[in-house]
Amino acid sequence: MPVPTFDPIAFDKEDDPYDAGQGYVEKLLTLSDNFTTLATYVAQAESLADLQPTLEALAATAESPTLAAMASFIADAIANDELLTPSDLASAIQELNLPAGDVVGTNDQQTLTSKTLGRTAESVNAMGSLGGGAIDIDLSLGNIVTATVDTAATTFSLSNPTAASKCGGIVIWLTNGGSQSITWPATVKIPEAGLPDLTVAGLDKLVLETIDGGASFTLDVVGLNYA
Numbered sequence: 147m148p149v150p151t152f153d154p155i156a157f158d159k160e161d162d163p164y165d166a167g168q169g170y171v172e173k174l175l176t177l178s179d180n181f182t183t184l185a186t187y188v189a190q191a192e193s194l195a196d197l198q199p200t201l202e203a204l205a206a207t208a209e210s211p212t213l214a215a216m217a218s219f220i221a222d223a224i225a226n227d228e229l230l231t232p233s234d235l236a237s238a239i240q241e242l243n244l245p246a247g248d249v250v251g252t253n254d255q256q257t258l259t260s261k262t263l264g265r266t267a268e269s270v271n272a273m274g275s276l277g278g279g280a281i282d283i284d285l286s287l288g289n290i291v292t293a294t295v296d297t298a299a300t301t302f303s304l305s306n307p308t309a310a311s312k313c314g315g316i317v318i319w320l321t322n323g324g325s326q327s328i329t330w331p332a333t334v335k336i337p338e339a340g341l342p343d344l345t346v347a348g349l350d351k352l353v354l355e356t357i358d359g360g361a362s363f364t365l366d367v368v369g370l371n372y373a
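When you number the sequence shown by my numbering, it's gap-free, plus one each residue, and the end is 373.
Read the hints as simulated data drawn from the structure, not as lab findings.
Among the hints, a few may not be true.
As the list claims (entries may be wrong) - Cross-link-like lysine-lysine pairs, in silico, DSS-like; alpha carbons within 30 Å at most:
| no. | residue 1 | residue 2 |
| --- | --- | --- |
| 1 | 312 | 351 |
| 2 | 335 | 312 |
| 3 | 335 | 351 |
| 4 | 312 | 261 |
Please model the entire structure based on the sequences and the hints provided.
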């Protein structure tokens, strides 16, 4: 029976969750595929001795601590005669697999429940100097937006919000927001007391949120003139 191959995986705390090819979500998918491949191989093995090549294959994937631990687990089980059949080993491997619930793909919308995330990084939509006129903020390009108001009056529009019934929003790091007139779309709602004047020469922070698919947004200024 051919010995399976395993893709090496190296996790890094700086990984962007959804970076294609490098994000830790995609790496978890690769790890899950490795487990499935291993479990299938073990289930088809005719004897425990057939598993030795697999252990050697796993030893070559030292970049993945989880797979290295799995190789050690199997080796100890064989040495101590704790698991008597390949079927027993396959069941044990499946029990050590990733938490229940599928995460499929890296670009489509997913729901994660009862998961613990460590350090994460948000994508930044760096819009640069706006130059005035009609400016669209594409919410799909990042939850953090940086922009500098200059030259002339600016009229913002908002595109690609999250789906209705989901809360989606962006934080805008806006430089020199008070230097020109700013107009928000009619869908943007502001507090009854109004918004404070933005800083003429400095950095302000604004938050836009929607829960109805972009039919309406709330806008709050959460900080002014950051030094």
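Each hint, compared with the structure:
With a C-alpha separation of about 23 Å, the suggested pair residue 312 and residue 351 falls inside the 30 Å cut-off, and the hint holds. A distance of roughly 18 Å separates the Cα atoms of residue 335 and residue 312; the hinted pair therefore holds under the 30 Å criterion. Pair hint residue 335 plus residue 351 holds up; C-alpha atoms about 17 Å apart against a cutoff of 30 Å. Between residue 312 and residue 261, the direct Cα distance comes to roughly 18 Å. Compliance with the 30 Å bound is thereby established for this hinted pair.
This entry satisfies every hint, going by the numbered hints stated previously.
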